[in-house]
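**Q** Residues per chain, in single letters:
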Amino acid sequence: PAADSSDPGVDVGVLKQLAKTGLVEALNAVPGGKTLVLDPTLAGPLGLVTEVSLLKQHGVDKMFWLEAGALSSQSQNIVYLCRPQIRWMKIIAQQIKLHTASSERHSYTLLLVPRRTILCDRILEEEGVFGDITLGQLKLEFIPLEEDVLSLEMENTYREVFLDGDNTAIYYSAQALMTVQQAFGLFPRIIGKGDAAKRLADLLLRMRQAGLADDPTSPALSLPSTVLDALVVVDRAVDMITPLCTQLTYQGLIDELVGIKNSYVEVDASLLSTAPQQMSGAPSLPAPGPTPALGPSSAQPKKKKHLLQASSDAVFTDLRDENFSVVGAHLNRLAKRLNEDYEGRHRAQTVEQLRDFVGKLGGLQSEHLALRLHTGLSEQIVPMTQTEVFNKSLEVQQNLIAGYDVNAQFSTIEDLINREAPLHVVLRLLCLYSITVGGIKPKQLENTKREILQTYGYQYLTLLLHLSSLNLLLKAPAPAPHLPLPSLRKHLRLLVDDVSEQAPTDIAYVYSGYAPLSIRLVQCVTMKPAVVAAEMGEKAVGGGSGGGEAQKEGTLKVVPRAHPIMGWKGFDEIVRSVPGETFDEVQRPEGDGTGKVDRESARHRLSAGADGRIVLPKGHSTTTVVFFLGGCTYTEIAALRWMSRQTRGRKYLICTTSIVNGSSLIDSLSPAPWAPITT
Amino acid sequence: LKLQEASEATDMVDRTAAIRAAGKSFSEDKDRAFEARMMDEYAKLLLLQQTLEKDADGRVPFIGLSVNETIYKCITTGQSKKADRVRSDWKVPDKRFWYIKLHALTESRDWEGLDAF
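Line by line, the protein sequences are chains A and B.
Just add 120 to the spot in the first sequence (first one is 1) and you have our numbering.
Just add 1 to the spot in the second sequence (first one is 1) and you have our numbering.
Since the hints were derived computationally from the structure, they do not count as laboratory data.
Being a predicted model, the structure only gives us computed values, none of them experimental.
Subject to a maximum C-alpha distance of 20 Å in a straight line, what follows is the list of computed SDA-like cross-link-like pairs (lysine to any residue): (1) Lys563(A) with Ser28(B); (2) Lys92(B) with Arg539(A); (3) Lys92(B) with Arg570(A); (4) Lys96(B) with Asp535(A); (5) Lys563(A) with Pro94(B); (6) Lys31(B) with Pro597(A); (7) Lys563(A) with Ala37(B).
Going by beta-carbon spacing under 8 Å, a handful of chain B positions derived as facing chain A: (8) Phe35; (9) Glu36; (10) Met39; (11) Ser67; (12) Asn69; (13) Val93; (14) Tyr100.
In this text, a Cβ means the ideal position worked out from N, Cα and C, and glycines have one as well.
Take the sequences, apply the hints, and build the full model.
**A** Written as structure tokens, this is what we have:
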């Protein structure tokens with residue numbers, strides 16, 4: 121029911137441009153040809169904003185990965201580009217010292233992303249190379265993955281913030297959100313949930329004050345935005361249930377089963393080999409050298425990176441947020457239509473009609489290629505979704521969330537360990553059990569941990585310890601404040617029985633029945649009627665606000681208008697019952713003479729047009745920014761997009777530190793693999 | 002911390018020592034008794050794997066495998082007695098042991114062994 125016109129909300133292209141210009145300026149600052157030495161973790165993010173050709177244009181003649189060992193370079197200039205991490209500083213210092221020892225002369229530039237830090241300065245000083253380097257910083261903040269998704273592409277934020285207690289990522293996030301405010305105006309209201317989210321919001325308020333102290337006339341800091349209506353911050357620790365469950369949307373499943381990294385997916389080259397024109401459009405910065413097209417004789421399927429992005433792939437746009445169960449039918453329909461379109465040429469009788477057809481051919485062909493790719497991907501995924509392990513784990517997830525026969529679920533998990541199911545699967549289920557049930561009986565827990573260590577190896581003890589310090593794997597009764605799941609299930613209707621995958625009437629379709637808690641919380645702020653309807657147990661909450669009305673009208677569904685942001689009102693109690701701080705701050709206009717504005721009129725200001733009415737002016741749509749601290753999943757993005765379509769006048773701009781899934785979160789908590797023993 | 006040391010040690014003696022040290026520091030905290038016990042088990046496993054490798058004249062790599070993999074390897078290399086010993090020393094529950102054995106026998110196409118199951 122995409123009733124809303126093509127109003128894109130805010131234009132995020134400006135942020136991409138910002139990143140690009142920053143890079144170009146930094147490169148131009150170093151005259152002449154130069155060797156670029158790149159932090160491997162930055163390649164993916166950089167690839168999304170620039171292309172190799174652009175780097176070449178600006179004097180980069182060679183590129184290397186930043187890694188331990190000597191660096192040989194012909195160029196006079198060496199430019200290092202990396203995150204401000206201690207290990208990189210040590211490697212760089214080592215390489216410079218080696219050059220000095222062999223009396224090679226270079227001039228060095230070090231660009232730190234996103235910011236230069238005192239710690240890095242000090243390490244370089246200690247290593248005695250500080251004087252040899254020109255230091256700079258490259259402000260690479262939010263990278264638009266899609267026109268409604270911005271990501272910092274900082275992979276380990278969850279671990280850093282919640283396990284290591286390292287707040288650097290919160291600081292970077294705040295900086296990046298400040299940039300958004302500079303571009304689009306102040307968030308009129310900052311609402312959020314979670315301890316880390318609260319720290320972020322406090323930081324944002326403080327940064328604004330500091331900015332105002334420097335420049336009291338700055339319009340971006342003094343006046344609330346007219347295009348954004350609020351920032352909703354949710355930190356990952358608030359809702360770990362959602363990432364632990366298996367995502368069931370098309371894009372989500374690809375991420376779970378094939379893996380998507382920095383928007384790229386690795387697919388068999390054969391799916392793409394006839395699509396050279398499609399590849400050339402994709403920036404190939406992270407590519408390890410283009411794979412040559414496959415001859416028909418070569419048997420080894422080669423892997424190729426493909427950029428999954430809606431802007432270049434109309435088929436993907438339709439599929440990405442669909443529940444996987446309907447993807448097959450969808451592809452089928454598309455293939456039929458495409459076939460008919462091709463057949464259209466036989467009907468062409470006049471020259472004009474023929475010309476018309478030829479004109480459409482280009483579009484048909486690219487659609488054809490896209491169809492091929494997605495059919496191939498689906499064919500790859502289907503067998504993976506038919507394995508016993510996959511289905512067992514899905515069943516356990518659904519039963520745990522429903523609180524149904526938890527003991528049986530526990531034995532299923534034990535059984536999966538006995539059969540040596542992948543460790544990810546086992547741990548995700550075990551954590552889900554611990555969260556939903558409220559801990560695991562001490563004896564059972566110890567037994568299971570022992571089974572895991574014996575089955576998968578003792579080296580995973582560290583990982584188990586990390587999981588328990590994150591309160592993901594706890595002894596019952598759990599001491600920490602824990603999630604009151606039964607009451608949440610009831611009041612936020614986390615479980616929807618009659619979910620329709622074809623024509624979703626609730627966000628629960630993304631997990632075939634479970635409505636992600638994180639997104640229900642966002643709905644408490646932006647789509648209250650949907651949650652109210654849920655609580656009253658209405659059959660369909662489809663219409664969003666005024667869902668009942670929309671239902672009466674049957675097929676003639678009127679998409680209701682979004683209501684203004686009123687904080688957590690109406691849901692204060694239930695939201696407070698979820699562990700983690702709850703907050704709601706209004707950013708009032710300041711420094712423009714209207715200093716004294718009370719909360720109520722501040723709200724009116726932002727939602728009222730010139731005529732002063734509270735409702736949003738007709739045709740004007742506002743954007744709510746949702747920021748996930750610690751990462752979000754593709755299903756959560758899908759759910760927010762679905763919400764965008766349910767109400768007129770409100771779009772969502774999804775911002776996150778990175779895109780995650782349960783397995784990538786668990787990976788980020790795992791220590792480095794153990795070194796092999798040499799005897 | 003000690004565990005990280007253990008993970009970086011590439012030498013058998015160093016690794017075992019680091020694991021024992023980790024076990025010791027766990028045992029100082031009474032809430033970490035489980036972890037301490039696990040480290041003991043681990044050190045013991047490494048020792049056993051060393052002797053297994055020696056017995057096989059270094060032809061079969063054992064070191065670094067998990068308990069399950071050790072049992073599996075023992076069976077596929079025809080040392081089912083040793084597999085039984087690992088089973089009892091590490092108190093491997095029947096169910097898990099039978100799964101391993103079943104896989105191992107199928108892998109080595111030991112149909113007689115399977116029959117005798």
